[in-house]
Amino acid sequence: MNPAHSAFCALLISLLFVCPDPIGAARLTDRAHLRQSTAIQQPQSVRAAVFALGSFWRSESAFGCLPGVIRTSVGYAGGLKTNPEYRNPGDHAECVKVEYDPRKIQYSELLDVFWASHDSRQVFGQGPDVGNQYRSIIFTNGTIEVRLAAASKEREQAKSRSSVVTTKIQPLAAFYPAEAEHQKFELKRRPLLLQLIGNLPEEQLLASTLATKLNAYAGGLCAPHIQKKIYSKIGDVLRNGWPVLREI
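Going letter by letter, the sequence shown gives residues -25 to -1, 1 to 223 in mature numbering (1 follows the signal peptide of the UniProt record, and there is no 0).
There may be inaccurate statements among the hints.
Straight-line distance between alpha carbons at most 27 Å, and here's what the computed DSSO-like set of lysine-lysine pairs gives [said to hold, decoys possible]: (1) Lys56 to Lys134; (2) Lys128 to Lys143; (3) Lys203 to Lys56; (4) Lys79 to Lys128; (5) Lys56 to Lys208.
FYI, nobody ran anything at the bench for these hints, they're computed from the structure.
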């Protein structure tokens, strides 16, 4: 490899960490179309879990690199308002929907990540984000999930009695997908990563397992050995002349 090519590749890799603000970007699809796309039937082996643990931009990244997680998406749940929006969520909480293969990862393992990824004892917000939409909730589907969630909450509370775990456990009534610009938020802050997977249309990006993993990588929330593996893979792709990244 000649020095010019080496320098070019180094520059491209450094661009992975450039973080322009994507919020002002135009939507690539309307919410009705997005909601229709999420209703596509999945194989019976795929299950979904929904958690609220603060801002969904960061929450989505927390689950994306886990073995057995197929895809993630963000939305609103837990309230009565119909068609909530980012600027007007009503009484809903921001949440992440995790679609996973139960043969590869258990619901209890997702609960472990949920507890580890936020401060369940903080009242009326999460970190610097203040408001009811950032409250902590485990949304359940069926008695088994209720029991597992309750047991995990008891264990979390037992770690310290000096403060109360604020997390609520409640059945999932409805999940409203968030607007397109909030999906895969961390990934969209890294334009080069989007280019490496072919600048997928919004619907394909939402359904992509690869995009789910890269979103977690972009947020710095993969396990260290996985972060290193993905970084190395991206470097290989760039050195080989910019093909489209197909797998990690």
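Check: Which numbered hints does this structure break?
Finding: 1, 3, 5
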